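Peer 1: Read off the chains here:
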Amino acid sequence: MWWRSASFILDRQQEQNTSFPPNPESLLLSSPPPSMADSLQNPKPDISAYYQTRAAHHAVVTSDWLAQAQAAVSLQTNDDVSSGSDGRVALTGGGTGVDNKTFSVIDEFNSWRKQPDLAEAVAAIRALAAVIRASQATTMMELEIELKKASDSLKAWDATSISLTAGCDLFMRYVTRTSALEYEDFNSARYRLIERAEKFGEISYKARRIIAMLSQDFIFDGCTILVHGFSRVVLEVLKTAAQNKKHFRVFCTEGRPDRTGLRLSNELAKLDVPVKLLIDSAVAYTMDEVDMVLVGADGVVESGGIINMMGTYQIALVSHSMNKPVYVAAESYKFARLYPLDQKDMGPALRTIDFGVPIPSKVEVEKSARDYTPPQYLTLLFTDLGVLTPSVVSDELIQLYL
Amino acid sequence: MPDTQALVNDFLNKLKKRKIEGSQATAKQTAELLRSVISQTRMPYTNQAAALIHSVKAVGERLIAANPVGCMHVMAELAVGNVVRRVLHIIREEDLSLTTAAMAGLNLSAESDDEDDTDRDNHPALSAAAIAAASRSTLRPPSLQTLLEDVPDSAAVPHTSSSGGDSEGKSKSADKSSRSRKLKHDVIEAVNELIQDISTCHELIAEQAVEHIHQNEVILTLGSSRTVLEFLCAAKEKKRSFRVFVAEGAPRYQGHLLAKELVTRGLQTTLITDSAVFAMISRVNMVIVGAHAVMANGGVIAPVGLNMVALAAQKHAVPFVVLAGSHKLCPLYPHHPEVLLNELRSPSELLDFGEFSDCLDFGSGIGAPLLHVVNPTFDYVPPKLVSLFITDTGGHNPSYMYRLIADYYSADDLVLERRTTSGN
Chain U
143 MWWRSASFIL DRQQEQNTSF PPNPESLLLS SPPPSMADSL QNPKPDISAY YQTRAAHHAV
203 VTSDWLAQAQ AAVSLQTNDD VSSGSDGRVA LTGGGTGVDN KTFSVIDEFN SWRKQPDLAE
263 AVAAIRALAA VIRASQATTM MELEIELKKA SDSLKAWDAT SISLTAGCDL FMRYVTRTSA
323 LEYEDFNSAR YRLIERAEKF GEISYKARRI IAMLSQDFIF DGCTILVHGF SRVVLEVLKT
383 AAQNKKHFRV FCTEGRPDRT GLRLSNELAK LDVPVKLLID SAVAYTMDEV DMVLVGADGV
443 VESGGIINMM GTYQIALVSH SMNKPVYVAA ESYKFARLYP LDQKDMGPAL RTIDFGVPIP
503 SKVEVEKSAR DYTPPQYLTL LFTDLGVLTP SVVSDELIQL YL
Chain F
3 MPDTQALVND FLNKLKKRKI EGSQATAKQT AELLRSVISQ TRMPYTNQAA ALIHSVKAVG
63 ERLIAANPVG CMHVMAELAV GNVVRRVLHI IREEDLSLTT AAMAGLNLSA ESDDEDDTDR
123 DNHPALSAAA IAAASRSTLR PPSLQTLLED VPDSAAVPHT SSSGGDSEGK SKSADKSSRS
183 RKLKHDVIEA VNELIQDIST CHELIAEQAV EHIHQNEVIL TLGSSRTVLE FLCAAKEKKR
243 SFRVFVAEGA PRYQGHLLAK ELVTRGLQTT LITDSAVFAM ISRVNMVIVG AHAVMANGGV
303 IAPVGLNMVA LAAQKHAVPF VVLAGSHKLC PLYPHHPEVL LNELRSPSEL LDFGEFSDCL
363 DFGSGIGAPL LHVVNPTFDY VPPKLVSLFI TDTGGHNPSY MYRLIADYYS ADDLVLERRT
423 TSGN
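Going down the list, the protein sequences come from chains U and F. Per my numbering, the first sequence starts with residue 143, numbered consecutively. Per my numbering, the second sequence starts with residue 3, numbered consecutively.
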């Protein structure tokens, strides 16, 4: 236990000592300088906006859920107003400001994000395109700086969303590194950037199609597939398999607390695919009937592991111990430059959990919305770059950011 | 092209009658056949690369379809498919380097793209993976870098751009015809290099032997593989003294031949039965075996019995080293390798028919014999059991195989048969 180790205890004592006396000098050293990022923080930093949106899009509508959702909507609008006033960035060009209209990337992003069929990274890139459109920069350099600021504030606004960060990084890299932009004049370069950003929605859709096509060879007649939660890519894969007249059945986990698995089972029932619903804790019980596990991913990290909805790690462990393959379907724009070493290594992405009964305040609740599945428990990743082993992911990322 | 047809038929006959044994010989002869196909293909003024690709693909499909194995899906002689894909990749690569060299600085990647687009138009057969491949750009493997860039451009307007290519071709026909001769010449040159590589892969692999075999070590192998024989002898020639355990490799007992060969070369050899592998493995320092094919995930299709050896080696933490020439790298993923990539041979290798003919009598009782004989040729060894691959380009980890494959094959060629889609 590392927190019982001598060095850790010593460190902690020292920490307490230094923080206890309000020594002005140490205060100056330890407290970070007040920065822009602070003012741009999500007003409710303890709740992950990303997972809130996911829940809103994919959870199952029941009557009590509807009531909750209505409450959340009113909350959300409050959020937007407050975040808008907080996160408003003046993006008018320095001295030339003709109209002093302020423009907020975060508002823009949130409005895109509300569309349920739009991937998070697409929303991010659309929001950055809106920044370019609203910008009055006259040189590439200026534009780059504005974009950088905007993408930083977006990233800071919701640090729990990996697709958002990855999408921003991908677009920023395109802006700064593409050789095609170098030889054009500023206006056409700007036009080109906006056009590429608008096309990204299409790219994202096409990526999903490619993944569905590539994974068809892996779904054989008579197989049983275990899926966890709701993922657009996974649904696309299963839909394509059903269209190709494959005979297979699907086990859906319930996906507490959003119950996104119910949503997936509804969609599959519409396609006439045999579905069985499991409670999340029945995974090990049913694993001997399962031929493969297929999950989506919120993010694919540099080690080749994935970050996904809570419970994925558990399922991967069970299927590993029972020698079942675990396949991940994920678009390549979800590849992120992160290298988590264990579960607690990433910032927590918390969410509210409804237990149906009041929980005494003394009882602590584990509210994390996601977990990290290390690469050794994954068999293959289906991405639009091809079918990859986990070790390929880091190769791709290194090539991109070299 | 009557000559090539005759050649192809001849080669097919040999394949069907199993006159060509071993993946190296098959690979080499396939490459030679494709070379003569290329040299006899008549080159049009435009789209030379497409014409070449078309004729090579046509021959390749026939070769693969006529595979000796009963299952239509995957070929047992994977080497044929591998070589066809390698040659296709060579054509694409030479074409790209020519176009870029000929008109350096102009926008040429677009042209090579449209040539492949028209090629795709000729084949509307569109299997699943082919669509996937078609929606990505041509030679560059798809990557995160190009994600935002060209994809929609090349896919959106193939027709207009290809007609543009035609008119350009007419205006520059003189230039083009010299280019076409150059292309063919370059491709044949590169195929010659490939043939050279295939025939010298043993030596290249054997050169690395001294790095892996140390003094007084005990090496275990199963069955017989020419690569392994050369590898061991190369270490012996460099004055390493070591012992070799040879498992006999039932039911073909090729281990006997290997043991004999090793003894004539002056190596300390011990012959054991296959079932003694587990008993002996604790004394072994390294397992060195040959492979039939290496799949894209790093799994190995190998002579039957090797999965057992690999498991024994894992149990005792003995390194399991696989020797494979680069023509054995296959860009496919194994789906049901035990069934689809296998070949069931004659029961006569197991039993003497005279003695057991009563048991195999179809006339008795229920109309089917009570005794069945299953004689599979290959085992699938999953990648996690392999410690190291030694290829002609050096030693590699199983998880690195994809990178070699990306170097040797282009994504468009992964699916060669078209009928499989309708079959599935």
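If you're looking for bench data, these hints aren't it; they were derived computationally from the structure. Among the hints, a few may not be true.
[As the list claims (entries may be wrong)] Straight line, CA to CA, 20 Å or less: simulated SDA-like cross-link-like pairs of lysine to any residue:
1. K238(F) x V212(F)
2. K466(U) x H337(F)
3. K388(U) x P336(F)
4. K317(F) x Y347(U)
5. K317(F) x R275(U)
6. K386(F) x S463(U)
7. K466(U) x V212(F)
[To be verified] With beta-carbon atoms standing in for the labels, derived distance ranges:
8. R351(U) x K184(F): 52 to 62 Å
9. S147(U) x K241(F): 32 to 42 Å
10. S243(F) x R351(U): 39 to 49 Å
11. N386(U) x R20(F): 28 to 38 Å
12. D484(U) x S201(F): 18 to 28 Å
13. S463(U) x K184(F): 28 to 38 Å
Keep in mind the model is a prediction, meaning the values are calculated, not measured. The beta carbon of each residue, even a glycine, is placed where N, CA and C say it ideally should be.
Peer 1: Are there hints from earlier that the structure breaks, and if so, what are their numbers?
Peer 2: 4, 5, 7, 8, 9, 10, 12, 13
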